[in-house]
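Taking the working numbering, the leading residue of the sequence shown gets 27, the next gets one more, and so forth.
Treat the hints with caution; some may be incorrect.
Per label pair, the in silico range of CB-to-CB distance [what the hints assert, rightly or not]:
#1 Q247 - N99: 41 to 47 Å
#2 A244 - N99: 37 to 43 Å
#3 S91 - V188: 21 to 27 Å
#4 N249 - L203: 43 to 49 Å
In short, the hints are calculated from the structure, not lab data.
The beta carbon of each residue, even a glycine, is placed where N, CA and C say it ideally should be.
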Amino acid sequence: MLLTRSDLILWTGVKEVQVSSIFLGIAGGSCSGKTTLVNCLQNQLGFLVSKLAFDSYYCDQGHLSIEKRAVVNYDHPDSLDVDLFINNLRSLRKGSDISSPIYDFATHTRSAETSIVSPTEVVLIDGILLLVFPDICNLLDISIFVSAPEDVRLERRVVRDVAERGRTAEQARAQFLKTVQPMHDQFVEPSKKNADLIISGEANFAEIRIDIEQRINAERQSN
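Taking the hints into account, I'd like the entire structure generated from these sequences.
In structure tokens form, the structure reads like this:
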């Protein structure tokens with residue numbers, strides 16, 4: 027259950043004190059291990075945590091035919107509604123709840139429903155292209171890049187797309203080779219220079235969590 031903003035207000039006996047949020051961004055190639063790291067941190071960090079996925083902000087392709095949707099390059103930065111994402115991030119940083127889009131990867135459309143995200147003690151934000159945009163980087167307190175070899179990411183991608191996104195193994199492999207890896211080389215890999223910490227997507231995240239928690243504590247103290 028996500029906590030609301032009111033859950034993060036402490037009563038001191040004199041006045042209310044707003045607990046500030048730490049915004050932790052996690053970027054990296056497709057299927058590098060970002061979501062696994064996010065889930066590990068959500069379950070093991072000693073803080074109240076909420077999650078926001080950049081993947082939820084893909085542009086709605088409902089105006090296109092099924093055939094045209096299939097040929098859109100979803101691995102290019104232009105495929106994302108960056109303005110909405112930045113506006114929502116700014117609202118979270120101001121202490122407001124936001125309504126995050128819900129994206130259907132099978133149909134490439136947005137749901138009419140939205141998901142409420144609240145500014146808890148730590149807000150975990152993940153996305154392949156998260157560190158490509160300077161305006162997003164400036165809204166993050168801590169940024170992490172998860173790196174994994176191409177063959178590992180391809181294998182994971184095929185398994186995920188078949189199980190979760192209505193693709194065949196052949197379709198998943200074709201998309202990876204046609205757009206995923208070329209866009210990774212052009213945009214994603216260069217963006218790791220903007221990360222505060224680069225980790226292996228094949229590492230023991232439970233151990234890395236200790237380092238990340240120390241960084242969060244240091245950031246909280248500096249605030």
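Against the structure, the hints come out as follows:
Checking the proposed 41 to 47 Å range against Q247 and N99 shows it holds: the Cβ atoms sit about 43 Å from each other. Look at A244 against N99: about 39 Å separates their beta carbons, and that is inside 37 to 43 Å. Checked against the hint of 21 to 27 Å, the pair S91 and V188 passes, with Cβ atoms roughly 24 Å apart. Between N249 and L203 the CB atoms are about 44 Å apart, so this pair conforms to the stated range of 43 to 49 Å.
Comparing the model with each numbered hint stated earlier shows that all of them hold.
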